[in-house]
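So the sequence lines, in the order shown, correspond to chains A and B. Adding 13 to a residue's 1-based position in the first sequence gives its number in our numbering. Adding 1138 to a residue's 1-based position in the second sequence gives its number in our numbering.
Hints were generated in silico from the structure; no laboratory data involved. Keep in mind it's a predicted model, so treat the numbers as computed, not measured. Where is the CB? At the ideal position from N, CA and C, for every residue including glycine. Please note that the accuracy of each hint is not assured.
[To be verified] Selected chain B positions facing chain A (Cβ under 8 Å, derived; list incomplete):
#1 L1150
#2 I1154
#3 V1182
#4 T1189
#5 A1190
#6 I1199
#7 G1207
[Said to hold, decoys possible] Once the Cα atoms are required to be at most 16 Å apart in a straight line, the calculated EDC-like pairs of lysine to aspartate or glutamate come out as:
#8 K1140(B) - D23(A)
#9 K1312(B) - E73(A)
#10 K1140(B) - E20(A)
[Unchecked claim] Residues on chain A that point at chain B, a partial pick, calculated with CB under 7 Å:
#11 L29
#12 S37
#13 V44
#14 Y47
#15 S62
#16 T64
#17 V72
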Amino acid sequence: MKKERKEVSDKVVVILLIAAVVVSVLGAFVVYEYSHSYGIGEEGQIEDSSTGRVVLNVVEAPYEDFEEEADNENFE
Amino acid sequence: MKISNNSLVVLLFVAIIASVGGTFVSVSFMDDIITGAATTLGNVTLTIGGTANCDATDDLIAFGTLTQGGTNQTTGDTGARDWITIENTGNVNLDITAETSANLFASYAAPTPNWRIACNVTQGTGSCNTTFHNLQESSNSTMLITAHQFGDSVDEVYINMNVTIAMDEPTGAKHGDILFTCTQS
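Okay, chain A solo, but in the shape it has when bound (with noise of 0.2 Å):
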């Protein structure tokens, strides 16, 4: 007479397929620290800029008073 196999209870079930995902996501961060501490797919920087900058102050050039000195030269 053939032994009727045992059935697993949904419960089991559940809790396997909870352990399944969580080892796999543990896997998935495992991986990634072990890729990023070996600086493994970084690359490096090949430009970089900065500013500079010019400052000053422009004042009136002094044409008036020489034409006002050359009036009062030609005055004299």
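With chain A's structure known, arrange chain B on it following the hints.
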């Protein structure tokens, strides 16, 4: 077709074993890069990536007061000696260009001979372009130095400016900004 719980359990065990095995394979593959964890003589092989970095450690030139029609520059015996200093803070040689990011004068926008730039001198052996050039806009930036080095005591380059005030430039305080772009040589 209905799948029995027994079949599901078998499949889940297979999934867990595959996941753990895949993780070990991945980590073992990466372990090939670095060896020596369990030996008295370590052997580490690694590659340091090149990084282009620069910093204007002295980013300001102050010419003071200039009259309309006047000129001044940051080189020569009589000019202001207030250079812009750019330091190579990365670990690769750099080509450095300059362009305006804010015009200095209201009367003339870049490029103009009223606002010019040149490389003064470098601590290292890079090729320093000491000829004054009109500062350009971004479409045609000026190359100041090529192969500017990164080691200590050779990583600074000094930048000159030359300004000429147009007769029709309005009086008052002015400022112009320069963007230095540092690219790996």
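Cross-check of the supplied hints:
no. : hint              : in the structure
1   : L1150             : holds (4 Å)
2   : I1154             : holds (5 Å)
3   : V1182             : violated (11 Å)
4   : T1189             : holds (5 Å)
5   : A1190             : holds (5 Å)
6   : I1199             : holds (5 Å)
7   : G1207             : holds (5 Å)
8   : K1140(B) - D23(A) : holds (14 Å)
9   : K1312(B) - E73(A) : holds (14 Å)
10  : K1140(B) - E20(A) : holds (13 Å)
11  : L29               : holds (4 Å)
12  : S37               : holds (5 Å)
13  : V44               : holds (5 Å)
14  : Y47               : holds (5 Å)
15  : S62               : holds (5 Å)
16  : T64               : holds (6 Å)
17  : V72               : holds (5 Å)
Of the hints listed earlier, the one the structure fails to meet is number 3.
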